[in-house]
Amino acid sequence: MGAFGDDFSQVSTHRRQIALMAQLGKDAVRIRAIDDLFFWLASAVVERFDVQVMQFWATQPYRTGQVSTELRSMAHQDPTLPQQIVANMHVAEVAGHIINARNTLLLQRLESIFHQHQATLLGRYGLRYCSGYFLSSKALIVPANDRLSSEKLVTPLTAVALLFLRQPPPLEVQRTIEYILKQAIQFSEARGLLLPPTSAQRIPPTPVLRTPGEFQIEPFPQKPPLILDELVPRRKEDASLMSTSNPLTSVSPIADKQARRLYAAVNGHRSVEELRQATHLTPAETYKALQILLVERRIEVYNVRGQLIDGSLLLDNH
Amino acid sequence: MLDENLIANILSLTLFFVSLFIALRAFYLYFQARSRRVFILALSMGMIALTAIAGFAGDNITSINLNVDWFNYIGQTVSFLFILLSFARNADDYQRGLIRWHIIISALLLILLLLAPVLPDFPDPAVTKTVLSGSRSLICAVIFFHYIIAFTTKETRFSLLMAGAFLLLSAGYLVILPKYYSTANTTLNLTLIDHTGDITRVCGLILLLVAVLLG
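Chains as they are written, first to last, in numbering that gives the first Met the number 0: chain V, 0 to 317; chain P, 0 to 214.
Calculated directly from the structure, the hints in this document are not laboratory data. Keep in mind it's a predicted model, so treat the numbers as computed, not measured. From the three backbone atoms N, C-alpha and C, an ideal C-beta is built for every residue, glycine too. Wrong hints could be hidden among the right ones.
What the hints assert, rightly or not - When the alpha-carbon atoms are kept at most 20 Å apart in a straight line, the in silico SDA-like pairs for lysine to any residue are as follows:
| id | chain 1 | residue 1 | chain 2 | residue 2 |
| --- | --- | --- | --- | --- |
| 1 | V | K235 | V | I291 |
| 2 | V | K235 | P | R35 |
| 3 | V | K235 | P | A115 |
What the hints assert, rightly or not - Okay, the calculated beta carbon distance ranges per label pair:
| id | chain 1 | residue 1 | chain 2 | residue 2 | range |
| --- | --- | --- | --- | --- | --- |
| 4 | V | G305 | P | V209 | 53 to 61 Å |
| 5 | V | A277 | P | F144 | 38 to 46 Å |
| 6 | P | Q31 | V | S239 | 16 to 24 Å |
Said to hold, decoys possible - From the derived model, a few chain V residues whose C-beta atoms are all more than 10 Å from chain P:
| id | residue |
| --- | --- |
| 7 | N99 |
| 8 | Q107 |
| 9 | H116 |
| 10 | S149 |
| 11 | E229 |
| 12 | E236 |
| 13 | V250 |
| 14 | G267 |
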């Protein structure tokens, strides 16, 4: 194509981007959680760009110290496509590899990414190509609300948008999808679908061993990270209150309602998990409330052995 | 000649409004900040406010028999005591235990108030009232010394004003002790003692209000 065609292609790409973002703005009121956004994106891309399958996989740490790659959302064109064909450990491994590499996987044939068996299986349903867009943010992603949600920890967003296609899409489509995904992350930060960036839990990256010609993931043994649910918060009472300082003027209110609820339940013996159960807060709400109380220096946090934990470990993003 | 009840009424109303103000402000702060010490202060001052209005009612309502002395004396003694105890230790377990007992005892005191129409007089009133009033003076004196020590540690206007307030309150309760056990026939002297004690306490309450507003 000549210059005119290039200009037309750019205009077309730009228009599609704007149209999709405008649609997101219209549908925003129905999007209440990050998984809703992921599903919206996957459905929109599958519908508009002739992508056969789109998935969102994200890193999920557990309080036991394990880290896994979990499927957060998926949309597919073919309603008869069995989910286990595209949502299985082989695909999870590839998603995990892309996340660990922290780089986008350019469009490739499936045979160069998956084991032969998996590639053949996918090929039976007309899926021949795959690409993966790496997504990350310092903002925290709330764990999916499933039967294991109490075991999961919030973590900075590290995810991959995995696409399965019948044929290679035009370059403009690939650019549009990449643009939309970046905009969507900003949208989610702005709309509070991701929690404010702190990093109480530093999840060490899982090193990946890759033998030539194959994709393999061999997790190295990890030091267990700070297990938040086992920590015991204790109040930091101002010893001078009512003695040298006026209690009616020097006591500052706890502005956040959930932090106030959590603080009222702190008795120096209950762990974070027990406090969460007592206050009926979600893990994300509990974590946020703890951070607020730590920042306001109203509590100190101790481990199960009664040792004081440096509160900055639960706040700093080293 | 002054109405015998005028100064007592002024004392009761001053005590009521000052205590009520502090109690309401403290309760509001407690629900915002959930500080245990603030709750103890709120409940104590609330109870003292109740004793003040009960005393006012007891002194001025003559149509029915209201023996509010049990509630007044014990209520004020207990309330000052819990304020003093809240200074003793900082530990959360201790403060929580203190709150638990404070609530229980306050509930029992309210029963005393509700039973005011039917309660008898103090057994041996001279001794009982002397002991109860004396204990109020003693507790306020200890609180005074606590604030003096606090002031020497860190010189703040608040601790100085509070020390002054509790000194006046302690002195006010001490001054009136003779009226409980005195057998003197000079009623004027007893009235003078009573008024002196009441005025001293009014001054202490005003200083307490200044302390919490400006301290």
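These are the hints, each one checked on the structure:
Straight-line distance between C-alpha atoms of K235 (chain V) and I291 (chain V) comes to about 14 Å, which keeps the hinted pair within the 20 Å bound. Distance check on the hinted pair: K235 (chain V) and R35 (chain P) sit about 11 Å apart at the alpha-carbon level, within 20 Å; holds. Pair hint K235 (chain V) plus A115 (chain P) does not hold up; C-alpha atoms about 42 Å apart against a cutoff of 20 Å. Checking the proposed 53 to 61 Å range against G305 (chain V) and V209 (chain P) shows it is violated: the Cβ atoms sit about 44 Å from each other.
Taking 38 to 46 Å as the suggested C-beta distance range, the pair A277 (chain V) and F144 (chain P) conforms, at roughly 40 Å. For the pair Q31 (chain P) and S239 (chain V), the beta carbons lie near 20 Å from each other, so the given range of 16 to 24 Å is met. Every C-beta of chain P lies more than 10 Å from that of N99 (chain V), the closest at about 43 Å, which supports listing it as non-interface. With a minimum CB-CB distance of about 57 Å to chain P, Q107 (chain V) clears the 10 Å threshold, and the non-interface call stands.
Once the 10 Å rule is applied to beta carbons, H116 (chain V) is consistent with being away from chain P; the minimum gap is 59 Å. No Cβ of chain P approaches the Cβ of S149 (chain V) within 10 Å, the least distance being about 25 Å, so the stated non-interface status holds. Against the 10 Å criterion, E229 (chain V) stays outside the reach of chain P, whose nearest CB is about 19 Å from its own CB. In this structure E236 (chain V) is not separated from chain P by more than 10 Å, as the shortest Cβ-Cβ distance comes to only about 5 Å.
Non-interface status of V250 (chain V) relative to chain P is broken: a Cβ of that chain comes within 10 Å, the nearest being about 5 Å off. Taking the minimum C-beta to C-beta distance to chain P, about 5 Å, the non-interface status of G267 (chain V) is violated against the 10 Å cut.
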